[in-house]
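> Protein chains in written order, with my numbering: chain L, 1 to 312; chain D, 1001 to 1312; chain W, 2001 to 2312; chain V, 3001 to 3312.
Read the hints as simulated data drawn from the structure, not as lab findings. These numbers were taken from a predicted model, which means no experiment stands behind them. Any given hint could be a false lead.
Said to hold, decoys possible - Stretch-level coverage of chain L by chain W, calculated; a stretch enters the list once three of its residues show a Cβ under 8 Å from a Cβ in chain W:
1. 107-120
2. 228-238
Stated by the list, open to error - Straight-line C-alpha distance at most 20 Å; calculated SDA-like pairs for lysine to any residue:
3. 2153(W) / 2130(W)
4. 70(L) / 125(L)
5. 3008(V) / 3150(V)
6. 2008(W) / 2190(W)
7. 280(L) / 3142(V)
8. 153(L) / 2290(W)
9. 2290(W) / 3236(V)
10. 3290(V) / 3301(V)
11. 3280(V) / 40(L)
12. 3234(V) / 3040(V)
13. 280(L) / 3159(V)
14. 1310(D) / 1281(D)
15. 2290(W) / 3119(V)
16. 3290(V) / 2209(W)
17. 3234(V) / 2150(W)
18. 1008(D) / 1281(D)
19. 290(L) / 1174(D)
20. 228(L) / 240(L)
21. 310(L) / 272(L)
22. 1153(D) / 3301(V)
23. 280(L) / 3148(V)
24. 234(L) / 1291(D)
25. 3290(V) / 2181(W)
26. 1290(D) / 1311(D)
27. 2280(W) / 1110(D)
28. 1280(D) / 2120(W)
29. 280(L) / 3110(V)
30. 2008(W) / 2058(W)
31. 3234(V) / 2153(W)
32. 3153(V) / 1150(D)
33. 1310(D) / 1280(D)
34. 2070(W) / 2130(W)
35. 3008(V) / 3042(V)
36. 290(L) / 272(L)
37. 280(L) / 3301(V)
Glycine included, C-beta positions come from ideal geometry on N, C-alpha and C.
Given next are the chains, with one letter for each unit.
There are 4 protein chains.
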Amino acid sequence: MSLTSAIKGVIPISPTPFFADGRVDMDSMARLTDHFGASGVDGITILGQLGEAPKLEFQEARAIVELVAKRFTQPIVVGVSAPGFAAMRALAREAMELGASGVMIGPPNTLRTDDQIVGYYRQAAEAIGPDVPFVLQDYPLTFSVVMTPNVIKRIVGENENCVVLKHEDWPGLDKITALRGFEKDGAMRHIAILVGNGGLFLDFEMERGADGANTGYAFPEMLVDVVKLSAAGKRDAAHDLFDAHLPYLRYEQQQGPLGLAVRKWVYMRRGLIACDAQRKPGASLNAAAKGEVEYLLSRIARTDSRAVLKAA
Amino acid sequence: MSLTSAIKGVIPISPTPFFADGRVDMDSMARLTDHFGASGVDGITILGQLGEAPKLEFQEARAIVELVAKRFTQPIVVGVSAPGFAAMRALAREAMELGASGVMIGPPNTLRTDDQIVGYYRQAAEAIGPDVPFVLQDYPLTFSVVMTPNVIKRIVGENENCVVLKHEDWPGLDKITALRGFEKDGAMRHIAILVGNGGLFLDFEMERGADGANTGYAFPEMLVDVVKLSAAGKRDAAHDLFDAHLPYLRYEQQQGPLGLAVRKWVYMRRGLIACDAQRKPGASLNAAAKGEVEYLLSRIARTDSRAVLKAA
Amino acid sequence: MSLTSAIKGVIPISPTPFFADGRVDMDSMARLTDHFGASGVDGITILGQLGEAPKLEFQEARAIVELVAKRFTQPIVVGVSAPGFAAMRALAREAMELGASGVMIGPPNTLRTDDQIVGYYRQAAEAIGPDVPFVLQDYPLTFSVVMTPNVIKRIVGENENCVVLKHEDWPGLDKITALRGFEKDGAMRHIAILVGNGGLFLDFEMERGADGANTGYAFPEMLVDVVKLSAAGKRDAAHDLFDAHLPYLRYEQQQGPLGLAVRKWVYMRRGLIACDAQRKPGASLNAAAKGEVEYLLSRIARTDSRAVLKAA
Amino acid sequence: MSLTSAIKGVIPISPTPFFADGRVDMDSMARLTDHFGASGVDGITILGQLGEAPKLEFQEARAIVELVAKRFTQPIVVGVSAPGFAAMRALAREAMELGASGVMIGPPNTLRTDDQIVGYYRQAAEAIGPDVPFVLQDYPLTFSVVMTPNVIKRIVGENENCVVLKHEDWPGLDKITALRGFEKDGAMRHIAILVGNGGLFLDFEMERGADGANTGYAFPEMLVDVVKLSAAGKRDAAHDLFDAHLPYLRYEQQQGPLGLAVRKWVYMRRGLIACDAQRKPGASLNAAAKGEVEYLLSRIARTDSRAVLKAA
């Protein structure tokens, strides 16, 4: 099952569960994977930035791909961003052999000019091989690499294995409009556009032409519903659900290790992972933050029972 | 009337109205100033980033200060960030003579180390003179300058005229907690903390110890109410009002000229300024964005009539 | 006398002399200007980064242009880089009226994509007006803005008043080759290429097709000779002179205020300016550095008597 | 044999030889290692940035350490900078078991504040273990991380296994003076300071208190002689030799892949490696550049026969 540009819906970015002592918690990884599978999602992305991939050794990364591939029946995307093409190629080939459907590649934060960006993806696409479909990650806030719609068009044009854009530019609504315009004009073939950035603009991104979400919100079930409602043209209902979650979603969307700390703590409180620890360097929630998250979830829970937490 | 660390409440950041041909629209500036005065705010900041200050000539900036000083009866803060201390001093002295209560200073985006930041503010404080109170602007997302709580403590300790922190770090809740902790321990004298960043975390920032808001949301009336409700301990009511505005507030909080384009368009639709143009280089809203904003405001208007727009 | 793409030779970047208390020293400015005039140079650039332009008030900048215009008979280029187009336009128009031949414009350090850079220069060229010739400054090390040869070609193509490239990319030899290649192919009209970066690669830049130098080395006489020798095809002689100066030239080429401190101290020791102070924030030489500079100059003086300093 | 703060002299940074098809050329690696051993150096650093380490797979890196450890009898330093501590620890432990004497750690380019930098090295030192001595790499031009002397003092104070500073700040002479001042005052224990940055300031860095060089100049023999002459107090002789090489050294010191291309080409022309290819992404010399390098070396060869190249 290969990742194609026909993908639609929600592909959550999975965190990687660790024990307090830093070891990977494979039982929690299994439980989390199964939960995603039961949540109506359309795929899963593992070993992304959010999954603390740069902190893993190769063998650990390999073991996680193997575990997920054994129990998840929909497309699996594996983050293979790496400081060099040799390591990228090694992980990509290994992942595909283990059953992945495609890989995700973010740019190194040293790229500046249009040609540097296009050239990088040309070499990356060559490194992983033309038979490995890839997700182009466009996340200027984290990577400091700014891709214009035209640069994305060039990357898509040059590399047939570029099939999905993980869109997390901010602001970014007009970028979706521009890319869909290229498609309409026949200037660019169709690619799937799945949005990231914590889902902060998911409501309008869907209306601008996105195919779904590819992000790490701690309630993927909400993303699934919003994407479906939006695709069904139920605008008000989509916004009502989205807006109910937004105060917490915004809180989760704090940059860096703190945002991940919020998510992991909620996943733990949802019973999906055993421990909210991040591998070093990381962050954890203090009492004030935990209180704020609980308050926010209690407010969502007034209309969405999925946000009800068990007693701590 | 001098700006002091006792300031509390809401000090909106005013945009600068221009005509379509780029001239400053002084009538709109007057109307906007009067509206702020009638909105229950506790001061006003003019000539900030949001006010497109770097695009103004000295005489234009001077004229704006003069106009506002004549019709606004509460503290006026003037942005004087400049590439050199000579220009900063000139504008600061001029502004104070015209009736300003203090100035705001953001860091140049070349500063990196703690000592560089502390040294810069030492020289800036000396340049404007010890009799000119200043607001320290901490906005890493825009300036790429990261100030730890300890660096802020050093700046406050060295410069008696540093009386307010415009706090717009993101994430930033724990920074407020850390600074208030310094005060409790007697390690730092009290300064006012007013939050920026479009108000995106105003609800919890107030609970962590902020004194109010110093930001450019297009409905300052909402900020005034949330700050009052929060100060009065009415937690749920504060969040209810804040959450009703959040979907639009988030939309307004898009970085760069687009966020300002949203605000100016809404100010125009509210009848407060004649034209939503930005001086070049700038951005303006396309039809899709206007529709999105109208939709968002119509949803706020269900519970807050201040968001009702007149027919276009 | 308008700056055109036919300019050749050496256009030194002049420092701005200050007294120890920070006031501009107009007598030294006059002396320095006259010295440049007598050194066989082909023009002068004032109010660049090296000239501490961002630290000057408008009236100070104006007065310097006026003074130089009265006593210098060759083309005068005035740096007008500014955070906004209004200030840029004001200084450019004023400078031209006072007798300048053209202006120099560096990019703001927030530009990233090719289109942003091209768009910025389109707006800048429009702001100063089509009758004002300008020097495009390409200095990635300081501005963090990377312009490919293709971007320069687009800027030249769009703006007829772009007549000179101040080339200070590093590495940059192949960039000169690429631009001259565009000219040969008819893809780009001719522009003058004058090199900066302290002259660190002047020897080979001339051989690659540069027309001369536009930089701040404290012995412009050497630059003049190297450019002439190189233009006359006297390769070994050009390198011999250049290499004799290189150990000191490299020392002067230290980034930031220190490099300028070296230059100003040498200008002072040469009797051309009264004081080596920089306006704040700045740097000055300590005893160890002064000893190093004296040692380096004494070594040049073995073959080039112009480097002999008077007793301190 | 463990790396200690008593190390002195020259520790060249070795490139990694590749075949044109991208495979590591182990024969050339052996030949190069033996050449270093015969050149009077005092150690060797492998797998640094210059050694294209981020482009290697773990097994390749391991094999290189193994090969060098078998034939090189002086201290071996292995670059272990990595995006995560798990990979850093894995390579560090493996390298030490294979016979390395210590490791080198550069900072990730996301660090900004003093505390972030100090915290990073605390965690890195803990990750590799207290029994593994490390070289602190301070290279702001490449890493965009600025360490004040005080930050270095804190890192040295906190981590007993920090024994060497690879100093490549620019400008940086006063930093050496400041650090040696800390030692004199008893504020910091002694560490070795070895200079990098291609050796561009080696002459004066030795005079300011450096213990030697740790850089990748293609004629390490020259570095060895300059360090010895300088240590012996033969100032003029040290500068004479250094200055003879400086025009080429400066050419080699071009940033990024081009500088490495120069070095590899010269190593190839010296018969030390079979091929000057870089693993992708890389650069190679064009005909113009080769001519320039040959010309520069022919000028050195007038006084230093080691720069005579065999006919191509």
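> Look at each hint and say if it fits the structure.
Against the structure, the hints come out as follows:
1. Only residues whose beta carbon comes within less than 8 Å of a beta carbon in chain W count, and the segment 107-120 of chain L has 5; three or more means the coverage holds.
2. Requiring three or more residues with a Cβ within less than 8 Å of a Cβ of chain W, the coverage given for the segment 228-238 of chain L is violated, as only 0 such residues are present.
3. Between residue 2153(W) and residue 2130(W) the alpha-carbon distance is near 18 Å, which keeps this suggested pair within the 20 Å criterion.
4. Distance hint between residue 70(L) and residue 125(L) is unfulfilled; the C-alpha atoms sit about 27 Å from each other, more than 20 Å.
5. Of the supplied pair hints, the one linking residue 3008(V) and residue 3150(V) is violated, its CA atoms being roughly 23 Å apart against a limit of 20 Å.
6. A distance of roughly 12 Å separates the Cα atoms of residue 2008(W) and residue 2190(W); the hinted pair therefore holds under the 20 Å criterion.
7. Restraint check: the Cα-Cα separation between residue 280(L) and residue 3142(V) comes to about 24 Å, which exceeds 20 Å; the hinted pair is violated.
8. Distance hint between residue 153(L) and residue 2290(W) is unfulfilled; the C-alpha atoms sit about 55 Å from each other, more than 20 Å.
9. Taking the CA atoms of residue 2290(W) and residue 3236(V), the gap is about 17 Å. The hint holds against a cut of 20 Å.
10. Taking the CA atoms of residue 3290(V) and residue 3301(V), the gap is near 16 Å; set against the 20 Å cutoff, the hint holds.
11. Under the criterion of a C-alpha separation no larger than 20 Å, the hint pairing residue 3280(V) with residue 40(L) is inconsistent with the structure, at around 41 Å.
12. Between residue 3234(V) and residue 3040(V), the direct Cα distance comes to roughly 19 Å. Compliance with the 20 Å bound is thereby established for this hinted pair.
13. As the CA atoms of residue 280(L) and residue 3159(V) are separated by approximately 18 Å, the hinted pair is consistent with the 20 Å bound.
14. Our distance criterion of 20 Å between C-alpha atoms is broken by residue 1310(D) and residue 1281(D), whose separation comes to about 29 Å.
15. Between residue 2290(W) and residue 3119(V) the CA atoms are separated by roughly 37 Å; this puts the pair beyond 20 Å, and the hint is violated.
16. For a cut-off of 20 Å, the pair hint linking residue 3290(V) to residue 2209(W) stands: about 17 Å separates their Cα positions.
17. Our distance criterion of 20 Å between C-alpha atoms is broken by residue 3234(V) and residue 2150(W), whose separation comes to about 50 Å.
18. For the suggested pair residue 1008(D) and residue 1281(D), the alpha carbons sit about 34 Å apart, so the restraint of at most 20 Å is broken.
19. Restraint check for residue 290(L) and residue 1174(D): satisfied, since their Cα atoms lie roughly 12 Å apart, inside the 20 Å limit.
20. Between residue 228(L) and residue 240(L) the CA atoms are separated by roughly 13 Å; this keeps the pair inside 20 Å, and the hint holds.
21. Proximity of residue 310(L) to residue 272(L) is assessed by CA-CA distance (about 12 Å); at most 20 Å being required, the pair is judged to hold.
22. Taking the CA atoms of residue 1153(D) and residue 3301(V), the gap is about 58 Å. The hint is violated against a cut of 20 Å.
23. Pair hint residue 280(L) plus residue 3148(V) does not hold up; C-alpha atoms about 25 Å apart against a cutoff of 20 Å.
24. Pair hint residue 234(L) plus residue 1291(D) holds up; C-alpha atoms about 17 Å apart against a cutoff of 20 Å.
25. For the hint pairing residue 3290(V) with residue 2181(W), the CA-to-CA distance comes to about 19 Å; that is within 20 Å, so the pair holds.
26. Between the alpha carbons of residue 1290(D) and residue 1311(D) the distance comes to roughly 13 Å, so the proposed pair stays at or under 20 Å and holds.
27. The suggested pairing of residue 2280(W) with residue 1110(D) holds, with an alpha-carbon distance near 15 Å, which does not exceed 20 Å.
28. Among the hinted pairs, residue 1280(D) with residue 2120(W) is consistent with the structure: their alpha-carbon atoms are about 10 Å apart, no more than 20 Å.
29. Proximity of residue 280(L) to residue 3110(V) is assessed by CA-CA distance (about 15 Å); at most 20 Å being required, the pair is judged to hold.
30. For the proposed pair residue 2008(W) and residue 2058(W), the alpha carbon gap of about 30 Å is over 20 Å, so the pair is violated.
31. Under the criterion of a C-alpha separation no larger than 20 Å, the hint pairing residue 3234(V) with residue 2153(W) is inconsistent with the structure, at around 51 Å.
32. For the proposed pair residue 3153(V) and residue 1150(D), the alpha carbon gap of about 18 Å is at most 20 Å, so the pair holds.
33. The straight-line distance between the Cα atoms of residue 1310(D) and residue 1280(D) is roughly 28 Å, outside the 20 Å bound, and the hint therefore fails.
34. A C-alpha spacing of about 25 Å is found between residue 2070(W) and residue 2130(W), which places the hinted pair above 20 Å, so the restraint is violated.
35. At most 20 Å may separate the alpha-carbon atoms for a hinted pair to count; residue 3008(V) and residue 3042(V) meet this at roughly 7 Å.
36. At roughly 17 Å between alpha-carbon atoms, residue 290(L) and residue 272(L) fall within 20 Å of each other, so this suggested pair holds.
37. For a cut-off of 20 Å, the pair hint linking residue 280(L) to residue 3301(V) is broken: about 52 Å separates their Cα positions.
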